[in-house]
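Protein chains in written order, with our numbering: chain A, 17 to 149; chain B, 17 to 149; chain C, 17 to 149; chain D, 17 to 149.
Do not rely on the hints blindly, as some may be mistaken.
Any copy, or any two copies together, can satisfy a pair, since identical chains are not distinguished.
[As the list claims (entries may be wrong)] List of simulated lysine to aspartate or glutamate pairs, EDC-like, C-alpha gap at most 20 Å: (1) Lys102 with Glu117; (2) Lys102 with Asp121; (3) Lys102 with Glu113; (4) Lys102 with Glu28; (5) Lys102 with Glu25.
Treat the hints as calculated values from the structure; they're not laboratory data.
Just so it is clear, the structure is predicted and the values come from calculations on it, not from any experiment.
Protein chains: 4
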Amino acid sequence: MRTLGATLESVEPGFCSISLVPRPEVAQQHGYVHAGVIAAIADSAGGYAGYTLFPRDASVLTVEYKLNLLSPAAGERLVAEGQVIKSGRTLVITRGEVHAEQGGDRTLVAVMQQTLMVMHGMDDYAVPRNSQE
Amino acid sequence: MRTLGATLESVEPGFCSISLVPRPEVAQQHGYVHAGVIAAIADSAGGYAGYTLFPRDASVLTVEYKLNLLSPAAGERLVAEGQVIKSGRTLVITRGEVHAEQGGDRTLVAVMQQTLMVMHGMDDYAVPRNSQE
Amino acid sequence: MRTLGATLESVEPGFCSISLVPRPEVAQQHGYVHAGVIAAIADSAGGYAGYTLFPRDASVLTVEYKLNLLSPAAGERLVAEGQVIKSGRTLVITRGEVHAEQGGDRTLVAVMQQTLMVMHGMDDYAVPRNSQE
Amino acid sequence: MRTLGATLESVEPGFCSISLVPRPEVAQQHGYVHAGVIAAIADSAGGYAGYTLFPRDASVLTVEYKLNLLSPAAGERLVAEGQVIKSGRTLVITRGEVHAEQGGDRTLVAVMQQTLMVMHGMDDYAVPRNSQE
Numbered sequence: 017m018r019t020l021g022a023t024l025e026s027v028e029p030g031f032c033s034i035s036l037v038p039r040p041e042v043a044q045q046h047g048y049v050h051a052g053v054i055a056a057i058a059d060s061a062g063g064y065a066g067y068t069l070f071p072r073d074a075s076v077l078t079v080e081y082k083l084n085l086l087s088p089a090a091g092e093r094l095v096a097e098g099q100v101i102k103s104g105r106t107l108v109i110t111r112g113e114v115h116a117e118q119g120g121d122r123t124l125v126a127v128m129q130q131t132l133m134v135m136h137g138m139d140d141y142a143v144p145r146n147s148q149e
Numbered sequence: 017m018r019t020l021g022a023t024l025e026s027v028e029p030g031f032c033s034i035s036l037v038p039r040p041e042v043a044q045q046h047g048y049v050h051a052g053v054i055a056a057i058a059d060s061a062g063g064y065a066g067y068t069l070f071p072r073d074a075s076v077l078t079v080e081y082k083l084n085l086l087s088p089a090a091g092e093r094l095v096a097e098g099q100v101i102k103s104g105r106t107l108v109i110t111r112g113e114v115h116a117e118q119g120g121d122r123t124l125v126a127v128m129q130q131t132l133m134v135m136h137g138m139d140d141y142a143v144p145r146n147s148q149e
Numbered sequence: 017m018r019t020l021g022a023t024l025e026s027v028e029p030g031f032c033s034i035s036l037v038p039r040p041e042v043a044q045q046h047g048y049v050h051a052g053v054i055a056a057i058a059d060s061a062g063g064y065a066g067y068t069l070f071p072r073d074a075s076v077l078t079v080e081y082k083l084n085l086l087s088p089a090a091g092e093r094l095v096a097e098g099q100v101i102k103s104g105r106t107l108v109i110t111r112g113e114v115h116a117e118q119g120g121d122r123t124l125v126a127v128m129q130q131t132l133m134v135m136h137g138m139d140d141y142a143v144p145r146n147s148q149e
Numbered sequence: 017m018r019t020l021g022a023t024l025e026s027v028e029p030g031f032c033s034i035s036l037v038p039r040p041e042v043a044q045q046h047g048y049v050h051a052g053v054i055a056a057i058a059d060s061a062g063g064y065a066g067y068t069l070f071p072r073d074a075s076v077l078t079v080e081y082k083l084n085l086l087s088p089a090a091g092e093r094l095v096a097e098g099q100v101i102k103s104g105r106t107l108v109i110t111r112g113e114v115h116a117e118q119g120g121d122r123t124l125v126a127v128m129q130q131t132l133m134v135m136h137g138m139d140d141y142a143v144p145r146n147s148q149e
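So here's chain A without its partners, still in its complex pose:
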C-alpha cells in the first residue's frame, strides 16, 4: 500500500476505508488510475474490514474477489470502502466500493464482492484493529 501511496482513512468494526491520491505512476494508457490499483485498494479495504472482526491471534487471507469496473477512475482522490456482510468462524464475506472524488462530487468507479479466510494463530498485521488503538 505504501508503494501505491494509499492511506488508511478509517477503521471501525466491520468497516475500513482507504484513500489514494492518483499519481502518474499508477495511471494506465488513458491517464486514469490503473484497474490493478483500484483492485488493490478495494481488496485491502475489504481485508482490513474483515480483520477488525477476527480474533486477536488471527490473520487475514483473501480467498477470492470479483470486481466490476464501472467508470474511469479519475479525480483528485479515490476512496475504497470495505464492509463485512457476513462474518463466520472460517470465512468472512465483504462488499467493497471505490469512489472517485472531484470538486465535491463522488462517482462510483468499482464494486467488489470478496471472500476472506480467517487464519487462526497467525496474527502478523501491522495495522491497528480499530481507530481507538
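Following the hints, complete the assembly by docking chains B, C and D onto the known chain A.
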C-alpha cells in the same frame, strides 16, 4: 505495466502471456507479491488476449473479473497467461492463470475469469496485435 | 419462475423483489432450498431490476454473476431483491440479496453481483416494467 | 438434481460430469434452458468434483461461484463438467463448463469458477466418491 516491471512475453490470436520478476516494491507484508499486482498482470494478460481478436479500430475495456488466489506468489518469476474462451461482437470472455516459477518448478498462484468489452472505433493501444508485428 | 413457484413481489425503477415459498421439490439433501433455486431467484430479481431501466424496445440478458452462499436457505419464505448499481447504454450492473424469513426474522442467505446486457430492439418480456402497469 | 432430471455421468478423482436432457419445465421465456438450471448443474458438477478428493468423513459446501453465460442453452443434451484446480485442506477451487450437444456438435454455453469448503466430520452425501464404488 511499466511501473510494475512487467514484460509482454507472447501475444498470439486469443492468447497473451505477461511475466514479472518480483521486486521489493511489489511485495506485501510477508514478502510475497501483492495480490493487486497478481490481479494487474492477470487482468492485462486477459485484456491483451481479447484485444488480439478485436477489429482494427477497436479498443478493450475490462468489464469485470473474478480472481481466486490459490497460493502465495513467491519465486524468481511470475507468468500470467490470458486465453479467450468466447469472442462475441460486444463482449469477450477470457480465463487467466498466474504461475510462479522457481528453479524449473511452476506453481499455480491464481485463476481468473474475466469479461471484456469491445470498444468499437476507439483503437488506442500501443501494443502490437500479434507477435509478427 | 413458474416451475419454481416464485412470485414477483415488487417492481420499481431499478429494483425488483421475488419471493418463493419453499417446497420439497426445490430442496437439496439437507432439506434446505437448493443453491440453484437461490441463484435463479437472485438472477431473475437482478435481471428485472435492470430491465425496468431499459428502453421500451430492449430485452435483458444475464452476462454473468457471482453468488456467495452465506447460510442455509430455510424458512417460511425466501425473498430475493435485485438493485441496479450502475446503468449504462449496453451494460447494467446490479447487486442482489436473498433473505430467508422465519417467524418475523430475516436471515441473509446469499449475496450476488451481476452484469446484464441491454439487448436493443428485442423486447419480449412478459412482465410489466413497473408496478403501475 | 432429481427434480431437474439431471444424471451423474462420470465421477473421477477431481472430476465430475452431469448431463441433462432439456424438458419444457426447465425452459425460460425463449425456450432455452433457464440460467438457474445451468447454474445448478455447473455448481453440482464442481461440488462433486471437489468431493471426490475430500477425506472420508467430510461433506462439501459451495462458498461461492461466478458463472458466465456465453450462448443460449439449447440442444438435445446439456453436459456440465467440473474440474478441481486446487485442493486445499479447507478450501477447494474448481472450474466448470457447460456444453450443449446437438447432432454431434458441442457448444460451450457457460463457464464457472467456484470455491468449495471442506466440512470435516460431516459426511452425508448419497453419491459414490468414484466410479468404482
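Results of checking the hints against the structure:
| no. | hint | in the structure |
| --- | --- | --- |
| 1 | Lys102 with Glu117 | between (28 Å within a copy, 17 Å between copies) |
| 2 | Lys102 with Asp121 | between (30 Å within a copy, 16 Å between copies) |
| 3 | Lys102 with Glu113 | both (16 Å within a copy, 12 Å between copies) |
| 4 | Lys102 with Glu28 | within (15 Å within a copy, 27 Å between copies) |
| 5 | Lys102 with Glu25 | neither (22 Å within a copy, 25 Å between copies) |
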